[in-house]
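So you can see what is in the structure, the chains are spelled out below.
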Amino acid sequence: MNQAKNGAVLATEADNSEFLVFSLGEEEYAIDILKVQEIRGYENVTRIANAPDFIKGVTNLRGVIVPIVDLRIKFHLENVEYGGQTVVIVVNVADRVVGIVVDGVSDVMTLTPDQIKPAPEFGVTLSSDFLSGLGSLEDRMLVIVDIDKLLTSEEMALVEGASQQ
Amino acid sequence: MDIADFFDTFFEEAEELLADMEQHLLELDVDDPDSEQLNAIFRAAHSIKGGAGTFGFTVLQKTTHILENLLDYARKGELALRADLVDTFLEAKDIMHDQLNAYRSEEEPDQETYERICQTLQQIALEEIGQSLEAPAETTPLASTTAPADDTPAEQEPAVNESAGQLKVALIDVDEKDRVLLVEELEQLGDIQSQSGDDKRYEVILSGSVSADDIEAVMCFIIEPNQIDIQPVASGEAKVEAPVNDTPASPPPAEPNASAPPAEPKAQAPAKAAADEGAAKGKAKKPAAESSSIRVSVDKVDQIINLVGELIITQSMLDQTVSDLDDQSVGNSSLQNGMSLLQRNARDLQESVMSIRMIPMEFVFSRFPRVVRDTAGKLGKEIELVTEGKSTELDKSLVERITDPLTHLVRNSLDHGIEMPDVRESIGKPRTGKLTLAARHQGGNILIEVRDDGAGLDRDRLLAKAKENGLNVSDTMSDEDVFQLIFAPGFSTANEVTDVSGRGVGMDVVKRNIQGMGGRVEIQSKKGEGTITSIVLPLTLAILDGMSIKVGGETFILPLSTVLESLQPNKDDMYAMAGDDVVLKVRDEYLPVVAIHEVLDVENAITDPTKSIAVIVQGEGRRYAMLVDELIGQQQVVVKNLEDNYRKVPGISAATILGDGSVALILDISGLHRLSRAKKEAGKPANTQTMSFYKESEPS
Chain F
1 MNQAKNGAVL ATEADNSEFL VFSLGEEEYA IDILKVQEIR GYENVTRIAN
51 APDFIKGVTN LRGVIVPIVD LRIKFHLENV EYGGQTVVIV VNVADRVVGI
101 VVDGVSDVMT LTPDQIKPAP EFGVTLSSDF LSGLGSLEDR MLVIVDIDKL
151 LTSEEMALVE GASQQ
Chain C
1 MDIADFFDTF FEEAEELLAD MEQHLLELDV DDPDSEQLNA IFRAAHSIKG
51 GAGTFGFTVL QKTTHILENL LDYARKGELA LRADLVDTFL EAKDIMHDQL
101 NAYRSEEEPD QETYERICQT LQQIALEEIG QSLEAPAETT PLASTTAPAD
151 DTPAEQEPAV NESAGQLKVA LIDVDEKDRV LLVEELEQLG DIQSQSGDDK
201 RYEVILSGSV SADDIEAVMC FIIEPNQIDI QPVASGEAKV EAPVNDTPAS
251 PPPAEPNASA PPAEPKAQAP AKAAADEGAA KGKAKKPAAE SSSIRVSVDK
301 VDQIINLVGE LIITQSMLDQ TVSDLDDQSV GNSSLQNGMS LLQRNARDLQ
351 ESVMSIRMIP MEFVFSRFPR VVRDTAGKLG KEIELVTEGK STELDKSLVE
401 RITDPLTHLV RNSLDHGIEM PDVRESIGKP RTGKLTLAAR HQGGNILIEV
451 RDDGAGLDRD RLLAKAKENG LNVSDTMSDE DVFQLIFAPG FSTANEVTDV
501 SGRGVGMDVV KRNIQGMGGR VEIQSKKGEG TITSIVLPLT LAILDGMSIK
551 VGGETFILPL STVLESLQPN KDDMYAMAGD DVVLKVRDEY LPVVAIHEVL
601 DVENAITDPT KSIAVIVQGE GRRYAMLVDE LIGQQQVVVK NLEDNYRKVP
651 GISAATILGD GSVALILDIS GLHRLSRAKK EAGKPANTQT MSFYKESEPS
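Protein chains in written order, with UniProt numbering: chain F, 1 to 165; chain C, 1 to 700.
Hints in this document: simulated from the structure, not taken from any laboratory. The beta carbon of each residue, even a glycine, is placed where N, CA and C say it ideally should be. Hints may be right or wrong, so weigh each one.
[As the list claims (entries may be wrong)] The list that follows gives simulated cross-link-like pairs (lysine-lysine, DSSO-like), each with its CA atoms no further than 27 Å apart:
#1 Lys648/C / Lys35/F
#2 Lys300/C / Lys35/F
#3 Lys648/C / Lys74/F
#4 Lys648/C / Lys149/F
[What the hints assert, rightly or not] To spell it out: a stretch of chain C is covered by chain F in this simulated footprint if at least three of its residues, at any positions, have a beta carbon under 8 Å from a beta carbon of chain F; those stretches are:
#5 302–309
#6 363–376
#7 647–653
Could you build the full structure based on these sequences and the hints that come with them?
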């Protein structure tokens with residue numbers, strides 16, 4: 001239902017952009033590198049009661065209280081484990097600081113506009129609303145997530161009174 | 001510098017000037033106006049007009065211009081002041097404030113009010129003085145600010161400036177070393193005709209075209225302005241006398257002259273001038289003192305506070321590590337010394353930084369003369385307002401939030417507390433009621449009191465009204481509890497609803513607001529003698545006195561102000577009620593029980609109530625027993641907002657960072673109670689219920 005809009009997003013995202021590539025289970029995802037503030041380990045997260053299960057809680061990032069979201073739970077991945085490799089990507093979206101838990105960060109990649117294909121209509125888990133497209137790199141496929149839209153969406157329950165738009 | 005910066009400066013200054021003007025207008029005694037005050041009002045209007053003209057804010061400039069002309073007549077005694085005229089001036093001030101705000105938001109001010117106020121002011125001029133003011137339409141901005149405006153500076157700095165002839169410069173209490181220097185300086189400025197005197201008073205006669213101001217400017221690098229006395233010699237005297245004389249209440253001769261040789265015959269005339277000049281100088285010194293402060297944006301201050309908070313946390317982490325160290329290790333004692341020094345410095349630093357955010361209560365109190373005047377006028381009452389402890393300091397954010405509740409309390413006192421003048425007289429009280437606003441520090445809190453000498457609260461009437469409203473009351477309640485009834489929603493004993501108050505909304509909002517700031521309200525009252533409403537507030541919102549508790553493996557902070565007591569519940573004192581409700585009997589009171597581990601879904605917590613600890617807490621007037629695993633202790637915590645990066649969480653008011661760097665949540669006492677009830681009503685495991693709330697909008 002949103003294919004037309006995806007096309008528009010693609011057009012504006014044009015030109016060569018750099019992406020941070022991270023893994024969730026076997027899948028590879030990418031987000032706009034300009035949104036990333038820093039990368040740190042997963043530790044010392046204080047649980048918040050009555051929050052959705054993918055919100056792991058809050059942590060102290062140099063005096064700032066930052067919520068931590070586990071994208072693996074949000075995307076219904078199996079084998080959600082926390083270990084030495086578990087990484088938190090701290091991103092800046094909509095004037096907020098949010099940490100997202102991923103299985104690992106692999107590299108930073110530059111994609112040309114023609115390497116980014118429109119995302120097909122997905123299932124329920126990850127609405128294609130939240131995707132900027134799919135990046136193709138020889139034998140790899142990167143799911144490019146529009147982290148702004150995803151984290152400010154109502155279903156993430158991170159922002160009060162947020163709307164799908 | 002951008003022109004916009006100048007605009008901002010003008011807006012800020014104009015705002016201060018308007019506030020000054022209002023304050024002076026309110027203090028003005030219409031029967032015997034103080035000329036100093038009239039001058040101050042006039043000067044404020046004049047400065048605003050000047051600024052408005054420079055920046056092209058024509059409407060503001062014209063309004064001020066008319067007001068200024070009227071004020072000028074008042075200042076000269078040609079316009080007899082009356083209370084209603086002062087009211088009009090105040091109204092004009094309000095309109096100017098609106099105009100200022102309009103310009104600030106880059107809009108054109110309301111033309112209609114502008115024309116109306118201009119007309120009103122013109123009317124006053126016609127009726128009172130019998131001449132119309134120069135029409136504002138023929139706007140000749142700034143430059144031709146008309147004659148009356150221009151003689152302000154002249155009056156302030158007597159004609160000395162212009163007298164080109166000889167000047168007598170007297171140096172008072174200047175020792176020889178400085179004096180030699182100063183005389184050398186004077187030589188640069190003009191020809192020294194003669195010099196004589198001693199350390200007490202040394203006089204130099206200087207000829208040349210240099211002005212007294214210039215001399216003073218040069219001298220001030222070395223000595224204080226009041227150590228210099230500059231007067232024109234002989235020919236200048238007449239000039240000096242003239243302008244000074246039309247200030248009626250000239251102050252008595254002051255110190256500078258005290259040391260002047262009394263016998264000297266010609267010293268007589270200049271002496272008076274000097275005294276007046278001294279007074280003017282004293283005033284001129286003020287701005288210099290003000291410039292010793294700087295304007296800093298609150299964001300910057302908050303950033304420093306945050307960083308210092310971080311420093312404190314890092315310091316306590318280090319402290320922890322050091323105290324865990326083996327005593328045997330080399331250099332340990334110097335390390336520990338260093339640590340304690342660091343701790344002290346860090347605390348001092350924190351205290352000083354916090355004090356930056358503190359502003360005096362004067363900022364709040366200064367608006368009340370106006371509120372009282374307006375309200376009293378509306379009610380036909382005579383009220384004298386007294387403020388105490390204006391310099392008591394309070395966190396800026398609290399100052400902003402205390403104003404509304406305080407205004408409400410003041411209006412309430414005026415409306416319901418203080419009686420009509422005739423009634424007061426008939427019961428042997430002075431006609432004029434007295435309302436006192438007082439602020440002072442009390443331990444780590446600030447105590448703000450609204451005191452009136454009015455009718456006081458009527459216990460019986462309150463109780464009767466409460467019963468009528470179906471509130472749960474008994475005749476044996478303590479006075480304190482009865483008085484708290486007025487904070488119940490919808491509770492009003494006023495016989496009729498007035499313009500000012502009596503609708504019964506408000507007092508409960510006042511109480512909620514104050515509780516929201518972590519404070520409380522208490523009422524003491526004696527029928528027929530008056531009422532004292534006390535607001536107790538923490539000094540700052542940024543730091544909270546907390547009690548840390550443990551449930552399961554998790555640490556939470558309870559605001560200490562909500563904790564009444566804690567005890568180990570006895571099985572015999574726990575009663576089950578319909579469903580899974582449990583109440584705990586504490587002395588003669590049955591309190592609802594809220595188990596934290598149930599409400600907040602904490603795992604591995606103690607589920608047997610008799611093995612846990614019951615903390616009796618009070619929030620929003622509701623008392624309940626909160627079951628926790630363990631009390632850890634009291635500590636001061638830095639309050640961090642959860643909503644900055646996340647959202648509001650039911651049952652949690654904020655977060656803080658513990659000594660080990662981890663985050664602990666601060667519990668919201670009344671929120672927890674609501675949450676617990678909501679969960680029980682839903683009759684479902686808490687998690688699924690709230691989850692469904694959160695996931696409402698998930699596409700399916």
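Three-residue Cβ test at 8 Å for the coverage of the region 302–309 of chain C by chain F
holds (count 3)
Pair hint Lys648/C and Lys74/F, alpha-carbon separation not exceeding 27 Å
Cα-Cα ~21 Å, so holds.
Going straight from one Cα to the other, do Lys300/C and Lys35/F come out at no more than 27 Å?
holds, 24 Å
Does the structure keep Lys648/C and Lys149/F at a Cα separation of 27 Å or less?
holds, 20 Å
Is the coverage entry for the region 647–653 of chain C by chain F consistent with the three-residue Cβ rule at 8 Å?
holds (count 6)
27 Å Cα cutoff - pair Lys648/C, Lys35/F:
holds, 24 Å
Coverage of the region 363–376 of chain C by chain F (three or more Cβ within 8 Å)
violated (count 0)
Against the hints set out earlier in the document, a violation occurs for number 6 only.
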